[in-house]
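Visitor: Chain D is already provided as a structure; the job is to place chains S, P and U with the ligands on it using the hints.
Each protein sequence line maps, in turn, to chains D, S, P and U.
FYI, my numbering numbers position 310 of the first sequence as 310, with every residue one higher than the one before it.
FYI, my numbering numbers position 323 of the second sequence as 323, with every residue one higher than the one before it.
FYI, my numbering numbers position 317 of the third sequence as 317, with every residue one higher than the one before it.
FYI, my numbering numbers position 293 of the fourth sequence as 293, with every residue one higher than the one before it.
For the record, the hints were derived by calculation from the structure and aren't laboratory data.
Treat the hints with care, as some may be off.
When the alpha-carbon atoms are kept at most 27 Å apart in a straight line, the in silico DSS-like pairs for lysine-lysine are as follows [stated by the list, open to error]:
#, chain 1, residue 1, chain 2, residue 2
1, S, K298, S, K22
2, U, K225, S, K342
3, D, K342, U, K201
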Amino acid sequence: MTDYPMRQIIDGDGALVDDRYKDQLTPELVVEMYKKMVFARLFDRKCVNLQRQGRIGTYVPFEGQEASQVGSALAMREDDWMFPTYRDHGATLTFGHSLKNILMYWNGRYEGAVPPEGKRIFPPAVPIASQLLHATGAAWAEKKKGTDRIAIVYFGDGATSEGDFHEGLNFASVFQIPVIFFNQNNGYAISVPTTRQMHSRTIAQKAVAYDMEGIRVDGNDVCAVYFAVKEAAEKARRGEGPTLIEAVTWRYGAHTTSDDPSKYRDQSENELRRKTADPVGRMEKFLKRYGYWDEHLKAYETEATAEIETAVKAMESEPAADISHLFDYVFAASPWPIEDQKADYHRLKGGVR
Amino acid sequence: MTDYPMRQIIDGDGALVDDRYKDQLTPELVVEMYKKMVFARLFDRKCVNLQRQGRIGTYVPFEGQEASQVGSALAMREDDWMFPTYRDHGATLTFGHSLKNILMYWNGRYEGAVPPEGKRIFPPAVPIASQLLHATGAAWAEKKKGTDRIAIVYFGDGATSEGDFHEGLNFASVFQIPVIFFNQNNGYAISVPTTRQMHSRTIAQKAVAYDMEGIRVDGNDVCAVYFAVKEAAEKARRGEGPTLIEAVTWRYGAHTTSDDPSKYRDQSENELRRKTADPVGRMEKFLKRYGYWDEHLKAYETEATAEIETAVKAMESEPAADISHLFDYVFAASPWPIEDQKADYHRLKGGVR
Amino acid sequence: MKTAVKTREITLIQAITEAMDTMLERDPSVLVLGEDVGVNGGVFRATDGLYEKYGEDRIIDTPLAESGIIGTSIGLAMNGFKPIAEIQFFGFIYPAFNQIVTHATRIRGRTLGRFTVPMVIRAPYGAGVRAPEIHSDSMEALFTHMPGIKVVVPSNPYDAKGLLIASIEDPDPVLFLEPMKLYRAGRKEVPEGYYKVPIGKAAIVKEGTDITILSYGAMMPIVLKAAEKAEKDGIRSEVIDLRTLFPLDRELIQSSVEKTGKVIIVHEGHRTNGLAAEITALINDTETAFLSLKAPIQRVTGFDVPVPMFSLEEAYLPSIEAVYDKIRFLAEY
Amino acid sequence: MKTAVKTREITLIQAITEAMDTMLERDPSVLVLGEDVGVNGGVFRATDGLYEKYGEDRIIDTPLAESGIIGTSIGLAMNGFKPIAEIQFFGFIYPAFNQIVTHATRIRGRTLGRFTVPMVIRAPYGAGVRAPEIHSDSMEALFTHMPGIKVVVPSNPYDAKGLLIASIEDPDPVLFLEPMKLYRAGRKEVPEGYYKVPIGKAAIVKEGTDITILSYGAMMPIVLKAAEKAEKDGIRSEVIDLRTLFPLDRELIQSSVEKTGKVIIVHEGHRTNGLAAEITALINDTETAFLSLKAPIQRVTGFDVPVPMFSLEEAYLPSIEAVYDKIRFLAEY
Ligand SMILES: Cc1ncc(C[n+]2csc(CCOP(=O)(O)OP(=O)(O)O)c2C)c(N)n1
Ligand SMILES: Cc1ncc(C[n+]2csc(CCOP(=O)(O)OP(=O)(O)O)c2C)c(N)n1
Ligand SMILES: [Mg+2]
Ligand SMILES: [Mg+2]
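Next comes chain D alone, as it looks inside the complex (with noise of 0.2 Å):
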């Protein structure tokens, strides 16, 4: 069987184990890896506190995973595609969205599944596995139109199980679309182990059924996504093709916040993880290690928590939604159905008969 042994470019203790990138690791390259995962962490964990306090709905928290979607996000250019699911708002604030937005996503608003003008971010994949499809239709459209824009696309270990994974991976394949599929595997699906999900030892081998390049990356080492992903962006604007990419990481918290991990799994891990792999400490380590550090960024989480509330307040002062959300945008111009019961419903609401 082919074997994919896992890329890394720092370990545990932040030390560097693989020289090649060195030059390429500048100061601000390392220091902007390690403050939006400080951010994305941040506000990861202050998205649980606010579905605690029922201020947002269920929530999906990807602490542990950050090093996976800031290293990814970092490695793509501005004007690229950006599939996410539920779990990437760590790649997506850091590839541009808006803080507001994600926040208003989980609070029941569509405004939270549009992004900043520009922006090329699909709203979060929820069907699994249905966005590798429409990532590969939106990077096959920019090789049509001659631009070197590519797009990457997130998806979980339990992704892999369904058919448009497939579908996904051979229609990137046959047609040498640029496209990156960027797997977090993370261990579980909800309650169920990758060893259960599949009987492949990786998820990089299965890039083999596609003549791919497959790729086993250490998630929680920023650097070695950053690389991976870089490279295989590099890759896909030269026409090269798509490359599947296997980042092998671990999600502290529960699947979401209704789900209540101590049922599938020995929590205690968690804790030996966060001592030795955990992606921020990681990283910290490092730049103390390799004289990166600069005390303000011990002062950054204070920004980044300002920055966060702030978002928090707008989000919370926003007006309650807008009711022509529900009616307005089905179609370009509403059929005689909508237009009837929309005037139905606020007939209803005026109270007149």
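Guide: Same frame as chain D, but now just chains S, P and U with the ligands:
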């Protein structure tokens, strides 16, 4: 990338090229293989003719694929499960399906999908690749019952693109289900060549995605097919899980009797292949070369033809389709809408209101 | 002679667990399959405790693949087992649509009964619980249109258990839809052990003479509240819980309509080609019912727009006011 | 001032090819995708000649995967292209069901218009051509129930071309169903070049005063023959070709029903929750139409059984006799 060399036991000239199977190639077995292939071919040609004469509906010919179908079916045990496609009558006939019923199938008759009592043959799969899951489920049931019955499921190269192909192989590998995924790569899915269907060079390598054994075999070599399936069957019976077998073959004719292959391929290739790689011709050469040939084998064609003609007569002397087949088999007990509609149908036919 | 059957007050979801437990115990061919139904006990805890009791060979965590779940269940069903396949949310049944519409529902017919598919597909459905996007669909009408499958929707714990047991014993595929909103909405007396509520029979949950209100599932409490409100105005509604959507209980619908001559149909699924359309046509088809109509039948349904994100779900869902409005309209007609 | 438009007599399938050709020529963002649509020109030859004319970048033979075809078309559509995705037979659309019901139809709404999906899904549908098993489904009602997609069904070459062009220009997803049985059933005068038939408008194909008959697609010739037969008995039917199934042409239906007071609806899709149910409910909803009804609306439809293998398909399909029977019944009512 993983390499899957094509297994061959008998080459295009009828020479034994793999000695390991010598002892197992008993006279009975090789003659049986030959006869079943001759029978299948005669049956297939008869059906094409019947369609031309308007005596049956659209038909799906399989000439050229006899070695794959007969070899695989002979390697199964009588009480195993078989899940064929619309093109696999060579397999189902060999496995004990009723000649008359198969003819009735192409005459648009429900009796056509009913196998002889006790035979575990599923109706031909029409929606591509969906049957892989049925076979996996049925074989899973055998495993749960603790029997050593297994299932074989047929599908084409085009079928590998569907999501159900992937889901079937994944389920079978996760639960180590005793099922053989028998692919006939006949080069085309209607007009689409394999090179356009997938970017991978082989279908066998797709097994890597599931850490499953993948085997590539000369699908025009009945012996190679037979032993590949036999070994996979023994493995499955031992509880060692599923196998993906790619039998590389070729259909000489049209996709169906409504298809015109000259629209999408150079038909001269057929003649070349007939000379160099024909499954029946090759076996005849083998039999002659190694002294298994017997003049009564020449007469076998007449015998087979007579049997087929008898079945055609039986099919044609069947009374018209039974209207109860339309209404009475949707549910165990028809609910009132069906009962009402049936009554209404009969009222109208009776001319009474 | 009646044996005293012990009853307890339990929730709808507990009733569902009990139904599966009862049948798993009685019939070794019964299996439960789905995403997170095993170790985790289901995301709503519908299979809580079953894994511990029956083990991983019968309570099966599957890979994340709905077509795979239904497709392999078909194979299991036609080879001696009775799979109960859980679809985690009704809105995620679509990847399995081909396996249901082309295979589960047609195999008996295609083989003249040689192979059959006795299986139950369970799925939580409906809006109103502030679930994430696309978790709140109510597309039962897609399945009532499809020949070869029964569609059952309980609205209370008693019916849930009895109907699920009946569904598991049914020789053909049954889609069993569970109103998420009512999973823990209240407790009701439910007998211990085995009993059945027949598929195909509706129930009058409130008798009345003025207006017939037909509904099912999560809309039942809404309808009852509207009916009670109208009762204070002196309007006596007859409220019917359809319980089975295919086949509909034509007799009960008919006799109530003949009595009242006025009909409201309430469901949260979309209006166009929803259940209310079929029931309207059914009443129209039945000459005696048609001729007894004193006013046009009124539909109170979800709108012809996707079930929205939760900030707008209350606007989407039929409300007590909307039902009451139609009651008043018909009373004054 | 009217410019003389050249017309020729062509078949329905030729009209469909022409519509695509016209739009491929006018709009470089139009693409055709599907199984065997390229080199082979489609299994029915609907895309004949297009591959030669527009090349493999615009006329695209895809892998055999319906979810893949629709899913990637969604990506193409929301990034600047107008895909025309062919599903080889309507009965093979189900593997793509999730992509249609969850994505194609919801992306505009989910993003408040930021992303949209202007795409056409073409599929041959219906029974009566002795096709192999599962090739003859008529499940349009699954799609009329689904918010966010229009459903169009032409019955003649002129409408086919004009409606397909309108569908390609529509800013939202359109399901375009082609009656296989009528592909080559006859020729009709069709203008060269570009013209549109508006989506959402039905057509009166035969005026009458006694009974309104509503139908569409492959049933139109059956309905017309039955109406002609009844005409000899002195019964004047008004025959309406609905052409678009969502949104329905409420005005035309209403005005005809108000004129005749008697209605027959004919379709080959299954009865329960089929189009006839919705249309019955629609007439009921429209008070003036409801009040003008002189008899129960009659449904002549495919039965609630799977579309059978071809030896029984004539028994399954609505017949001239069945429609005539209802005409007589209503005339005498
Ligand atoms: C088609 C579909 N089926 C089921 C679900 C319910 N569901 C939501 S998340 C999830 C697990 C996903 O696991 P994975 O792909 O590993 O991603 P992760 O949540 O771990 O990031 C499931 C089963 C869904 N959203 N869509
Ligand atoms: C889901 C589905 N899509 C499309 C078709 C139409 N169709 C019938 S056969 C076929 C090609 C199948 O090719 P392959 O799997 O290679 O098998 P072969 O016909 O070559 O034996 C297609 C597209 C179908 N039957 N089912
Ligand atoms: Mg995961
Ligand atoms: Mg093939």
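Visitor: Taking only the CA atoms, is the gap from K342/D to K201/U under or equal to 27 Å?
Guide: The given pair, whose Cα atoms are some 22 Å apart, holds under the 27 Å limit.
Visitor: For a C-alpha distance cap of 27 Å, please report whether K298/S and K22/S respect it.
Guide: holds (24 Å)
Visitor: Check whether the Cα positions of K225/U and K342/S lie no farther apart than 27 Å.
Guide: holds (24 Å)
Hint compliance for this structure: every hint is met.
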